[in-house]
Amino acid sequence: MPLLSAGQLMQTAQQQALNGVFLKAQTPAVAATFMALSTSATSGVLNSVEVLMSGTSINEYATASGYARQSYGPVSATAASPSLIYNTSQLTWGPFTSAPGTANWGIACDLASGGTAKPIAAFLLASPRTPSIGDSLQAAAGTGSAGVGFLCQV
Amino acid sequence: MANAGDKLMYQPAHGTGYGHNALGQELTAEMTELDLKPGTEVTYMQDDDQGWALVAWVDGVGIDRITAIEPDQFASDFI
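If you're matching them up, the sequences are chains A and B in order.
Using the numbering used here, the final residue of the first sequence is 165, and nothing's skipped along the way.
Using the numbering used here, the final residue of the second sequence is 87, and nothing's skipped along the way.
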């Protein structure tokens with residue numbers, strides 16, 4: 012389903028993964044990835060066909076609030092089935108200089124800023140977060156357990 | 009004009025943290041620990057699409073952070 016109500020890989024990442032594992036194309040070079048926050052509603056808005064962070068359904072927090080994408084810093088995919096990937100450190104956004112709204116999603120992408128970044132995967136937050144002015148917003152480091160940190164599995 | 013990789017110090021004339029200054033009053037103890045405090049070294053990364061400066065720094069609990077800084081504030085408070 013293109014309109015998301017649960018986390019999953021976005022279109023570009025789906026293509027890259029399939030082309031890579033079926034030996035149709037080289038996967039992209041090793042590089043840093045970043046975690047954005049999105050105010051898109053928890054269902055029926057965020058669309059997995061988005062190929063740019065400027066996409067109309069992405070609804071990323073505005074940087075004119077102190078917000079910036081944070082380094083995702085994931086482990087290498089685990090040697091297990093299902094294989095997992097998750098952040099190794101706590102992620103903290105802010106401090107916010109204006110109220111940025113309610114975050115419902117984390118969206119991993121391939122650039123620290125800008126609308127030309129490619130969305131990789133969407134992660135539905137366990138509960139919405141609405142930081143106030145002066146606040147910092149924290150997310151736990153992943154452990155490999157469901158519901159802890161930003162965990163993706165195939 | 010900063011270049012990517014430049015090291016700067018947050019040294020605002022008002023002498024308070026970035027979040028504290030935005031709120032205009034003291035933060036909670038937990039948020040104070042996570043605030044960008046005077047004397048913190050930052051590394052300029054780049055400007056974002058709206059001209060805000062992205063700086064990397066390490067907070068009071070040792071977590072790597074990236075924060076967007078309003079352009080005028082970046083010019084005056086980061087030396």
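Simulated from the structure, these hints should not be mistaken for laboratory data.
Take the hints with a grain of salt, since some may be wrong.
Simulated restraints on C-beta separations [as the list claims (entries may be wrong)]:
| no. | chain 1 | residue 1 | chain 2 | residue 2 | range |
| --- | --- | --- | --- | --- | --- |
| 1 | A | Gln-164 | B | Val-66 | 37 to 47 Å |
| 2 | B | Glu-49 | A | Ser-87 | 40 to 50 Å |
| 3 | A | Thr-113 | B | Thr-36 | 37 to 47 Å |
Now the stretches of chain A that chain B is said to cover, found in silico as 3 or more residues with beta-carbon under 8 Å [stated by the list, open to error]:
| no. | stretch |
| --- | --- |
| 4 | 17-23 |
| 5 | 71-80 |
| 6 | 92-98 |
| 7 | 146-152 |
The model shown is predicted, which means the values in this text are computed figures rather than measured ones.
Every residue, glycine too, gets a C-beta built ideally from N, C-alpha and C.
Exercise. Are there hints from earlier that the structure breaks, and if so, what are their numbers?
Worked result: Violated hints (numbers, rising): 1, 2, 3, 4, 6; every other hint is consistent with the structure.
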